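Undergrad: This is what each chain is made of:
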Amino acid sequence: MRLLLLIPLLFLAPLAHADLKWDKLVQEFKRVPDDKEIEAHYVFHNTGTTPVTIKSVHSSCGCTTAKLEKKTYAPGEQGDVVLHFNFGDRKGNYLKGVIVTTDDKNVEPVTLKLYVEIHDPLTVAPALVFWRTGEAPTARTVQLTAEAAQHVKIKSVTSSNPNFTATLQTGQAGLNYTIAITPSSTAQKESADITVQTDFPADAPHAYTIFARIK
Amino acid sequence: MIARALRQAAVLLALALLPAIVSGALQLGWKDSEPLAPGEVRAATVREWGDKVQWVDARSRDKYEAGHIKGAILLNEEEWNKLAPAFINDWDPDRPVVVYCDGGSCELSHAVARRLREEYKIGDVHVLKGGITAWSEK
Amino acid sequence: MVRKVILLALRTALAWTFIHAGVLKIWDFGRGQSATPDFVVAIQQYHLLPSPDLSVLLAVYLPWLEIFAALGLFFRRVRSGAALTITALTTVFIGALASAWMRGLRIDCGCFGRDEVSTDYPTLLLRDGFILAAALFFLFRDARHAAEKDRPMFGESGRFTLP
Chain P
20 MRLLLLIPLL FLAPLAHADL KWDKLVQEFK RVPDDKEIEA HYVFHNTGTT PVTIKSVHSS
80 CGCTTAKLEK KTYAPGEQGD VVLHFNFGDR KGNYLKGVIV TTDDKNVEPV TLKLYVEIHD
140 PLTVAPALVF WRTGEAPTAR TVQLTAEAAQ HVKIKSVTSS NPNFTATLQT GQAGLNYTIA
200 ITPSSTAQKE SADITVQTDF PADAPHAYTI FARIK
Chain W
12 MIARALRQAA VLLALALLPA IVSGALQLGW KDSEPLAPGE VRAATVREWG DKVQWVDARS
72 RDKYEAGHIK GAILLNEEEW NKLAPAFIND WDPDRPVVVY CDGGSCELSH AVARRLREEY
132 KIGDVHVLKG GITAWSEK
Chain C
615 MVRKVILLAL RTALAWTFIH AGVLKIWDFG RGQSATPDFV VAIQQYHLLP SPDLSVLLAV
675 YLPWLEIFAA LGLFFRRVRS GAALTITALT TVFIGALASA WMRGLRIDCG CFGRDEVSTD
735 YPTLLLRDGF ILAAALFFLF RDARHAAEKD RPMFGESGRF TLP
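So the protein lines, in turn, are chains P, W and C.
The numbering used here puts the first residue of the first sequence at 20, with every later residue one more than the last.
The numbering used here puts the first residue of the second sequence at 12, with every later residue one more than the last.
The numbering used here puts the first residue of the third sequence at 615, with every later residue one more than the last.
Keep in mind that the hints were calculated from the coordinates and are not lab data.
Warning: the hint list may mix true and false statements.
[Unchecked claim] Calculated pairs, EDC-like style, for lysine to aspartate or glutamate (alpha carbon to alpha carbon, straight line, at most 16 Å):
#: 1; chain 1: P; residue 1: Lys43; chain 2: P; residue 2: Asp122
#: 2; chain 1: P; residue 1: Lys74; chain 2: C; residue 2: Asp742
#: 3; chain 1: P; residue 1: Lys55; chain 2: W; residue 2: Asp101
#: 4; chain 1: P; residue 1: Lys208; chain 2: W; residue 2: Glu90
#: 5; chain 1: P; residue 1: Lys55; chain 2: P; residue 2: Asp99
#: 6; chain 1: P; residue 1: Lys55; chain 2: W; residue 2: Glu89
#: 7; chain 1: P; residue 1: Lys74; chain 2: P; residue 2: Glu56
#: 8; chain 1: P; residue 1: Lys234; chain 2: P; residue 2: Glu154
#: 9; chain 1: P; residue 1: Lys40; chain 2: P; residue 2: Asp123
#: 10; chain 1: P; residue 1: Lys86; chain 2: P; residue 2: Glu56
#: 11; chain 1: W; residue 1: Lys132; chain 2: W; residue 2: Asp103
#: 12; chain 1: P; residue 1: Lys49; chain 2: P; residue 2: Asp122
#: 13; chain 1: P; residue 1: Lys208; chain 2: W; residue 2: Asp135
#: 14; chain 1: P; residue 1: Lys174; chain 2: P; residue 2: Glu209
#: 15; chain 1: W; residue 1: Lys93; chain 2: P; residue 2: Glu154
#: 16; chain 1: P; residue 1: Lys55; chain 2: P; residue 2: Glu96
#: 17; chain 1: W; residue 1: Lys63; chain 2: W; residue 2: Asp105
#: 18; chain 1: W; residue 1: Lys132; chain 2: W; residue 2: Asp105
#: 19; chain 1: P; residue 1: Lys55; chain 2: P; residue 2: Asp139
#: 20; chain 1: P; residue 1: Lys89; chain 2: P; residue 2: Glu136
#: 21; chain 1: P; residue 1: Lys49; chain 2: P; residue 2: Asp139
#: 22; chain 1: P; residue 1: Lys234; chain 2: W; residue 2: Asp103
#: 23; chain 1: P; residue 1: Lys74; chain 2: P; residue 2: Glu58
#: 24; chain 1: P; residue 1: Lys208; chain 2: W; residue 2: Asp103
#: 25; chain 1: P; residue 1: Lys234; chain 2: W; residue 2: Asp101
#: 26; chain 1: W; residue 1: Lys63; chain 2: W; residue 2: Glu89
#: 27; chain 1: P; residue 1: Lys74; chain 2: P; residue 2: Glu88
#: 28; chain 1: P; residue 1: Lys234; chain 2: W; residue 2: Asp105
#: 29; chain 1: W; residue 1: Lys93; chain 2: P; residue 2: Asp108
#: 30; chain 1: W; residue 1: Lys63; chain 2: W; residue 2: Asp135
#: 31; chain 1: P; residue 1: Lys49; chain 2: P; residue 2: Glu166
#: 32; chain 1: P; residue 1: Lys234; chain 2: P; residue 2: Asp218
#: 33; chain 1: P; residue 1: Lys40; chain 2: P; residue 2: Glu56
[What the hints assert, rightly or not] Over the 12 Å line for every Cβ pair with chain W, so calculated as not near, a few chain P residues:
#: 34; residue: Asp38
#: 35; residue: Asn105
#: 36; residue: Asp123
#: 37; residue: Thr142
#: 38; residue: Val148
#: 39; residue: Trp150
#: 40; residue: Ile173
Computed from a predicted model, the values in this text were never measured in an experiment.
Virtual Cβ for every residue (Gly too), placed ideally from N, Cα, C.
Looking at chain P on its own, in the form it has when it is part of the complex (with noise of 0.2 Å):
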């Protein structure tokens, strides 16, 4: 008997209305390292005919917060949850998400997408070169591209070690070159870190560091 009661309150819920409608729920950058953050935002509205309020806004990860600036908001109004992501280290594709749930049971709990493709203006592949000992101490290559939309000039090459030389070819200037890595003998383990120093970017021009070892 007290379970046929239940079934009118099911019913019941959907009648006061509430929702949120999302202006883009996924979001996409391309970024570099040296930008070190990204900020999106993400607008809603409540066009439900009651307020809502934002419970909980989640992430998923430490590296990306979420800030709101208030709980609820009355039908008709519009707010933004601001996503902020730092990069750390990060180099590569990455997705952050956010989920969103509200007070209401008829709103789903929404996430928040933002995908941020991070890549360096300079590919060096490898960062890692590596001799075993005894081996012949032939020179191993070390490929650095520049993306065409901006050009990366190389201003030193210097090895923290001197029994590692390390010398730079241009192929064409400001878009690829070869550095050559010889070590000098590989009888014992050794160990040089070669420091590429770039142009780019202006105010803080970066460098990168090759790894020399002779395990």
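Assemble the complex: chain P is given as a structure, and chains W and C must be docked to it using the hints.
TA: Only chains W and C this time, still in chain P's reference frame:
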């Protein structure tokens, strides 16, 4: 009054056991037969490799300091530039590298493994399926 | 009559909270896969259980207990037991949260599998506090009513009576 409630609670606890046992058996069975994604390796396989393994912890510094697999080096994307040199100095080309994070749907280990393969061209890199959770079980 | 409807609504809300919570710990609808591995990770974040095997056992059993306790709220035969179970569960959750808060732990939800999240302890504890209050309300109410109206399982006609 409480005695009745306790008795009824016991009934509920017992009733919940049945589906839990079935669901548990299915889940655990699934875990072992779940196909491996490229680059992944199961805890059982890594155990066979023994001491040769070079462990890499892809999680945050806080979690690493709270507890990590013995001998693991911290290497996460947040502090990659600072942590990579230590890893490079320790790395032995003749030993397999196994990267782990929490387990479940944690993707950090895959991201770190990808960078090791792409940036340093280290080929013998694997990701521990099930993360540190799988390693500490049995 | 209105009082009955309000009570039923409150009972339904409490039950729905636990059924919802239980189901989501079993199956990840967003990704169409089992949610148990992530729940195991979540339990381990609290560092309260001595062994990882216990975490797995708890991760498998707890959701079903939540679901059965929630459903039990609607059946007179087991409703005080259900309220007692929910009260006990909520008390344990509050205890675990408070303990984690005091130790300054950041609990990972494992949603996208990336790293840690800032756990909003005050809000979670407040929410669980309300749930506990509702559970206690039904515990004392149902237990009292059960004592007053003790229906025999078989009526005078010898037929089995419905709860």
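Undergrad: So, for every hint listed, does it hold in this structure?
TA: Here's how the hints hold up against the structure:
1. Lys43/P x Asp122/P: violated (21 Å)
2. Lys74/P x Asp742/C: Satisfied, since the Cα-Cα distance of roughly 14 Å is no more than 16 Å.
3. Lys55/P x Asp101/W: violated (28 Å)
4. Lys208/P x Glu90/W: violated (27 Å)
5. Lys55/P x Asp99/P: violated (22 Å)
6. Lys55/P x Glu89/W: holds (11 Å)
7. Lys74/P x Glu56/P: Between Lys74/P and Glu56/P the Cα gap is close to 26 Å, so the pair fails against 16 Å, i.e. violated.
8. Lys234/P x Glu154/P: Holds: Lys234/P and Glu154/P sit about 10 Å apart, inside 16 Å.
9. Lys40/P x Asp123/P: holds (14 Å)
10. Lys86/P x Glu56/P: Distance of about 15 Å is within 16 Å: holds.
11. Lys132/W x Asp103/W: Answer holds: Lys132/W to Asp103/W is near 13 Å, not above 16 Å.
12. Lys49/P x Asp122/P: Answer violated: Lys49/P to Asp122/P is near 35 Å, above 16 Å.
13. Lys208/P x Asp135/W: violated (21 Å)
14. Lys174/P x Glu209/P: violated (26 Å)
15. Lys93/W x Glu154/P: At roughly 30 Å apart (the allowed maximum being 16 Å), Glu154/P and Lys93/W break the hint.
16. Lys55/P x Glu96/P: Cα-Cα ~33 Å, so violated.
17. Lys63/W x Asp105/W: Measuring from Cα to Cα gives roughly 9 Å; hence the hint holds.
18. Lys132/W x Asp105/W: At roughly 14 Å apart (the allowed maximum being 16 Å), Asp105/W and Lys132/W satisfy the hint.
19. Lys55/P x Asp139/P: holds (12 Å)
20. Lys89/P x Glu136/P: violated (30 Å)
21. Lys49/P x Asp139/P: Judged against 16 Å, a Cα distance of about 10 Å means the pair holds.
22. Lys234/P x Asp103/W: holds (7 Å)
23. Lys74/P x Glu58/P: violated (22 Å)
24. Lys208/P x Asp103/W: holds (11 Å)
25. Lys234/P x Asp101/W: holds (10 Å)
26. Lys63/W x Glu89/W: violated (27 Å)
27. Lys74/P x Glu88/P: holds (13 Å)
28. Lys234/P x Asp105/W: This hinted pair holds, its Cα atoms lying about 10 Å apart.
29. Lys93/W x Asp108/P: holds (9 Å)
30. Lys63/W x Asp135/W: Holds - the C-alpha atoms of Asp135/W and Lys63/W are around 12 Å apart, at most 16 Å.
31. Lys49/P x Glu166/P: holds (13 Å)
32. Lys234/P x Asp218/P: Roughly 32 Å between the alpha carbons, so the hint for Lys234/P and Asp218/P is violated.
33. Lys40/P x Glu56/P: Outside the cut-off at roughly 27 Å; violated.
34. Asp38: holds (30 Å)
35. Asn105: violated (8 Å)
36. Asp123: Answer for Asp123/P: holds, closest chain W Cβ roughly 27 Å.
37. Thr142: Non-interface label fails for Thr142/P: nearest chain W Cβ at 9 Å, not farther than 12 Å.
38. Val148: violated (9 Å)
39. Trp150: With a cut-off of 12 Å, Trp150/P comes too close to chain W, as the shortest Cβ separation is near 10 Å.
40. Ile173: holds (18 Å)
Hints 1, 3, 4, 5, 7, 12, 13, 14, 15, 16, 20, 23, 26, 32, 33, 35, 37, 38 and 39 from the list above are not met by this structure, while the remaining hints are.
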